[in-house]
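A.B. asks: So the chains spell out like this:
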Amino acid sequence: MTRRRPRPGAPGFAFLVHPLSPFHRRVVGVRFFDPAMALGRSDGAGMGDVGPIARVGLPGVAMGQVVGIGLDPAQMLADQELALVRMRRAAALAVAGGAQAIGLGSLCAVVAGRGEALQAHVPVPVTTGAAATAWAMLENARTVIARVGGPVAIVGSAGPVGRALAVLLSAEGVDVRVDHKRGGRQLAVTVCDGPAAAVAGCPVVIGAGPTGGVLDPVALAPGAVLIDVALPGTLTGPPPRGVVVLAGEAVVCPPAWRRRFWGRLYQVFAGYGPRQVFACLIEPLVLVASGRTRPFALGRRLDPDDVAVFGAVATELGFRPRLARGWFGFDVADLPGAPRR
Amino acid sequence: MPLTIAKSAEDVDTQTWEKVQEAFAEALGLDEDEVEFHSVIIDELGAESLDFLDIAFRLERAFDIKIPRGGIEMAARDDVGDPSEYEVDGVLTQKALDALAEAMPEIPRAEFKPGLKSNQVAELFRVGTFYNLVVFLVNQKEAA
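Protein chains in written order, with the working numbering: chain R, 796 to 1136; chain L, 1239 to 1382.
These are calculated hints, taken from the structure and not from any lab test. Note that the structure is a prediction, hence the values are computed from the model and not measured. We put the beta carbon where it would ideally sit given N, CA and C, even for glycine. Among the hints, a few may not be true.
Interface residues of chain R toward chain L, partial, derived using beta-carbon atoms under 10 Å [unchecked claim]:
| hint | residue |
| --- | --- |
| 1 | Glu911 |
| 2 | Ala953 |
| 3 | Thr1031 |
| 4 | Gly1094 |
With the hints as constraints, model all of the structure from the sequences given.
C.D. replies: Now the structure itself:
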């Protein structure tokens, strides 16, 4: 990655990502102008296999660099120390380029202690994206609940995002059921014995867990709406007929969002689609735009109050969560039980 | 002197156990006294699949070892030998159940019951399962 001097004016941020597959790594190789990686002759594990993917952001507010490491998910899971070393290199280059905060995408937010080991080596805040994810999930859940009603089941309630959602929704008086006692500690929620018991009869289900395969689809109520954060999804198989599965953390960017050619390509290859991003991408942007100097989320730490703080700033900047299926928005009028237009 | 595999909390090496306990507490956001040898990691401690990555990372650092992904299952498969005798349509054979029970003495034998699927084995893991894995890998490292 070319060293850049910090630019005057808008603060900078970085977002660390990795290719999602060996094919994806070849595309990254094209972006890096690295023939070996582009032709599949490099496994992306080299020290030099780190570089810029795209420049994105809001001019005058905060501009950031999406920085890629060359490791695919299998490599990152097989050797977390190697992943950490590459992430340290990417972060160091980003900081040298003016980044005042580092966000973590996909498995970068999971390996090496969910960002904690990286933070120990980086002089600017490292933030996992969990606050942004929880905010988008919360807003989308509110939209669905307003149409469909409750109660709401949270699968993955013992995790940071699930726990924050249980706190915030129960504080609003929503009838919440959680799948584990840790998700319901000291809260006015119903603690159920596992995911299947939690979702039974619930019209709205939030999949807040980190990866899929925890919920048997037959446990879902007919016509239930599953708002899912997980990739792969929370369900162990295809959803039953009539069940609606929606992406939980899709966010529409304000008109001033800048991404240029590589940014557009990145949005497509990352699975966001052309007109939306996943909320975690904007967490470091919101962090530097608000002048904050500590992470919104790191390790397992996610303060529900910080979800609200993040959401207020993100909303002010023009970001808007939306219900989505894949690349595309989902009209609330199409929800089960919602009045047709 | 090599560490020994533990069947219960009474058998553990205190220094090793405390490091294991600390790794679990940090990875799962628990108090150390909530982490017990026989705690069921998913059901009782609330761990999710990705938490296992964090636990493995912390244990690898604490003991300077490398925990192979799926290592316990691989060992059991090796014991069974013929891959077709390990599972049928995802359901573990009696040979596989016996091999897994042998590999994980900290888990009550009765829990390896017929009909158990290979993707359900992680639901049986105790904290002691990882203690014993650490003991095995530390011994292996020191013997090398």
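A.B. asks: All hints, please: hold or fail.
C.D. replies: The hints, checked one at a time:
1. Glu911: This interface hint holds because 9 Å falls under the 10 Å limit.
2. Ala953: holds (3 Å)
3. Thr1031: Status holds, d = 9 Å.
4. Gly1094: The hint holds - glycine 1094 of chain R has a Cβ within 10 Å of chain L, the shortest such distance being about 8 Å.
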